[in-house]
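*Asks:* Here's the letter readout for the chains.
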Amino acid sequence: MDFENVKAQMRKGVLEFCILSILSKGDAYATDILNRLKESELIVVEGTLYPLLSRQKNAGLLSYRWEESTQGPPRKYYALTEQGKEVLVELEASWKGLIDAVESIINKHPNQ
Amino acid sequence: MKKTFSVNLGNRVYNIDDDAYMRLKDYLDRIEGYYSDQKEREDIINDIELRISELFSERLGLTRQVVTLADVNAVIGIMGDPREITGAGEEPQASHYTSGPRRLYRDPDDRMIGGVCGGLGAYLGLDVTIVRILLVLFLIFGIGFLVYLILWIVVPEARTTAQKLEMRGDTVNTSNIGNFFRDEFESVKKSFSRKKTK
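Chains as they are written, first to last, in our numbering: chain H, 1 to 112; chain B, 1001 to 1198.
Watch out, some of these pointers could steer you wrong.
[As the list claims (entries may be wrong)] Anything over 12 Å on all C-beta distances counts as not near chain B; from chain H, calculated: (1) Lys-12; (2) Cys-18; (3) Ser-40; (4) Arg-55; (5) Glu-82; (6) Val-89; (7) Leu-91; (8) Ala-93; (9) Ile-99.
[Said to hold, decoys possible] Simulated DEER-style distance windows between Cβ atoms: (10) B/Asp-1037 <-> H/Ser-63: 15 to 21 Å; (11) B/Asn-1011 <-> H/Asn-35: 20 to 26 Å; (12) B/Arg-1102 <-> H/Leu-15: 22 to 28 Å; (13) B/Asn-1008 <-> H/Val-89: 22 to 28 Å; (14) B/Phe-1005 <-> H/Asp-100: 51 to 57 Å; (15) H/Asn-35 <-> B/Asp-1109: 53 to 59 Å; (16) H/Ser-21 <-> B/Thr-1160: 51 to 57 Å; (17) B/Asp-1037 <-> H/Ser-24: 56 to 62 Å.
To be clear, the hints were calculated from the coordinates, so they are not data collected in a lab. From the three backbone atoms N, C-alpha and C, an ideal C-beta is built for every residue, glycine too.
Extracted from the complex, chain B is given alone in its bound form (with noise of 0.2 Å):
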């Protein structure tokens, strides 16, 4: 025995088993998830709701009751890969920023001393280890605490969203700063669980 829904798709209404509507669910919102205009989302997700629905009801024919994960799976066989379908080469969580210039600051979140290995990496685009070795070596070549010295009074301190997004080379939008947000929020909810389990 499977627990249904009802659905509503392209205006009927369909009953589906819970884990065919889980697939199904989870399949439209990755295609809901390539596009930022809202407009150009709704249109796309009607459009392709409409035919799913008219290939539900040619499949279901008269007999047939509720859709299964088997017809679900049919359908976005016969609809394509969300990638295929978007045209995109890769998933967007990979590159959900938009780039702009970087510019350098030291980066508080990333810090031995004074945040300047971190953002000297970010402003690179290195990993700050790598970084933090250049800087052992010049200092055991002698001008290396100089030059950190230096960096620490002259290079400004990431304090804002913004200017923490400008490090990494990130355009200062407001949908960049959602992003910017949900990532801090995901690790912080990470870094949190992680302590629980220890």
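Isolated chain H (complex conformation) (with noise of 0.2 Å):
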């Protein structure tokens, strides 16, 4: 079996839901997110993050807008629709019950 198949597929579920997570405390511009993405380490090469972007943007869970930046090229903001804000509620109810799931998966394996 491909286990970094397995990985990545987690890894890429994981991601969208913290990317809605990371814009529901704020507008933020592509390179706002990556560098959240990146501190905890959830994202290796930056480039995958904008297929996801993209994905959610047209599934219209984002809106975005444009604003002149002093240094470098204008920024792409990226805010939260009323429906992004919806859907991520239920993956939030969603997460915690895989982790309790989970959890109790792992700590009852396999003394019982």
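Two chains, two separate frames, one set of hints: put the complex together.
*Replies:* Structure (structure tokens):
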């Protein structure tokens, strides 16, 4: 079995959740989001972020606006839409459910 | 001395060495190749170009003027391999046909007599040579000739591109037909250049 693929899939799901989570604390442009994801070592190469942002935007979870920058090119600021907020609430609930479920299985195994 | 290009990345202009330009263009083209949806492709490429632009302006600072190959390689290292970015396991060229149910046709492009073996091979996903060897074995044991004749009569020839795609189990849509013609064109080009070198 290809465990690299399992890990990648896991990380991808969590990443989408984390992007929404970061944006729920305030609008951010891609590099802000990247820096936070890199701090917590969730992302290894930066490029992986952009397809996720595009997907979430097309699914109606995110919107964006342009802002000029004093250093470098103009920045694309992403924000959560109402739908994005709803999805985030659902994801938070299912995340907590998942953690509990996985913990209970890990802790029970293999003594019972 | 090197030739430079000027490129617009995220609404900023950069001077870039020609070798660095080729490398960057190839990189962006490879990412683009993964996305068939135009809007999605533009979104992603624009975002990536924007980030590359930002990284270039950080790297150049106030003193340097030209983006070099070393800059491009460093930035590609930060952005990551197209396969990782797109989350795809393999290069898209390997499986650019979407598949559907196969249909049995005679293959006029892969024929020795009536194209029956070519069509059977495509239908069963076997190498034509194996099908031909099996047929010859059947011939030795007697019934093969009759089977071949019946198949030749019963099985229709794949005349149109759509039928040829069906024969290989590919769905008939415009993008597949486009891919099919591109492949056909490439193979014609290859056989032409082979003839020329002879």
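*Asks:* For each hint, tell me whether it holds in the structure or not.
*Replies:* Consistency of the hints with the structure:
no.	hint	result
1	Lys-12	violated (7 Å)
2	Cys-18	holds (16 Å)
3	Ser-40	holds (17 Å)
4	Arg-55	violated (8 Å)
5	Glu-82	holds (21 Å)
6	Val-89	holds (26 Å)
7	Leu-91	holds (19 Å)
8	Ala-93	holds (26 Å)
9	Ile-99	holds (24 Å)
10	B/Asp-1037 <-> H/Ser-63: 15 to 21 Å	holds (19 Å)
11	B/Asn-1011 <-> H/Asn-35: 20 to 26 Å	holds (22 Å)
12	B/Arg-1102 <-> H/Leu-15: 22 to 28 Å	violated (38 Å)
13	B/Asn-1008 <-> H/Val-89: 22 to 28 Å	violated (41 Å)
14	B/Phe-1005 <-> H/Asp-100: 51 to 57 Å	holds (56 Å)
15	H/Asn-35 <-> B/Asp-1109: 53 to 59 Å	holds (55 Å)
16	H/Ser-21 <-> B/Thr-1160: 51 to 57 Å	holds (53 Å)
17	B/Asp-1037 <-> H/Ser-24: 56 to 62 Å	violated (28 Å)
Consistency with the previously given hints fails for numbers 1, 4, 12, 13 and 17, ordered from lowest to highest.
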